[in-house]
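Peer 1: For what it's worth, UniProt numbering labels the leading residue of the sequence shown as 1, then goes sequentially.
No lab work stands behind these hints: they were computed from the structure. These numbers were taken from a predicted model, which means no experiment stands behind them. Note that beta-carbon positions come from the ideal geometry of N, C-alpha and C, so glycine has one too.
Within a straight-line C-alpha distance of at most 25 Å, the following computed DSS-like cross-link-like pairs (lysine-lysine) qualify:
{"hint": "1", "residue 1": "K44", "residue 2": "K120"}
{"hint": "2", "residue 1": "K26", "residue 2": "K39"}
{"hint": "3", "residue 1": "K24", "residue 2": "K120"}
{"hint": "4", "residue 1": "K91", "residue 2": "K107"}
{"hint": "5", "residue 1": "K39", "residue 2": "K72"}
{"hint": "6", "residue 1": "K7", "residue 2": "K44"}
{"hint": "7", "residue 1": "K7", "residue 2": "K119"}
{"hint": "8", "residue 1": "K119", "residue 2": "K77"}
{"hint": "9", "residue 1": "K7", "residue 2": "K26"}
{"hint": "10", "residue 1": "K107", "residue 2": "K24"}
{"hint": "11", "residue 1": "K107", "residue 2": "K119"}
{"hint": "12", "residue 1": "K44", "residue 2": "K107"}
{"hint": "13", "residue 1": "K27", "residue 2": "K120"}
{"hint": "14", "residue 1": "K7", "residue 2": "K27"}
{"hint": "15", "residue 1": "K44", "residue 2": "K26"}
{"hint": "16", "residue 1": "K44", "residue 2": "K72"}
Distance windows between CB atoms, simulated:
{"hint": "17", "residue 1": "G29", "residue 2": "K91", "range": "31 to 41 Å"}
{"hint": "18", "residue 1": "D13", "residue 2": "T47", "range": "19 to 29 Å"}
{"hint": "19", "residue 1": "L49", "residue 2": "G29", "range": "15 to 25 Å"}
{"hint": "20", "residue 1": "S110", "residue 2": "I5", "range": "15 to 25 Å"}
{"hint": "21", "residue 1": "S23", "residue 2": "E48", "range": "11 to 21 Å"}
{"hint": "22", "residue 1": "K107", "residue 2": "K26", "range": "18 to 28 Å"}
{"hint": "23", "residue 1": "K27", "residue 2": "D98", "range": "30 to 40 Å"}
{"hint": "24", "residue 1": "G29", "residue 2": "Q94", "range": "29 to 39 Å"}
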Amino acid sequence: MLFKIGKVLLIEDDTLIQRAVASKLKKEGFEMICCNDGKEGLEKLATELPDLVLTDVMLPYVSGLEIVNAVKSLAEKPIKVIVFSTMGQEKIVQEAFDLGADDYITKPFSLNELSIRIKKQLTR
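Modelling step: build the complete structure from the supplied sequences, incorporating the hints.
Peer 2: Structural data, given as structure tokens:
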């Protein structure tokens, strides 16, 4: 199975999670762009045009749902979106899918599982 190693925009306000995910994905060859809040994430989305966006649902300034909506309304190119959520957010996860999210992963999660899900989304 071939997948495209590309540019990943990670929007996560928990610095420990952000560092762990970025480190794992950099080791696997992905170009990482990291943001601490939704506002910065929207700015990077517009300037960087990543291949995939990883976003937490609960973010400062702009929510992960607003990020999903923004990603899916971009006409420049299709961008995959994986949403992070904590247990008990089933309604929010459903809303993310309704807005166009491609996948979700529940916190806490395995970095290996996340990597597999990213590769699946970027498979040609």
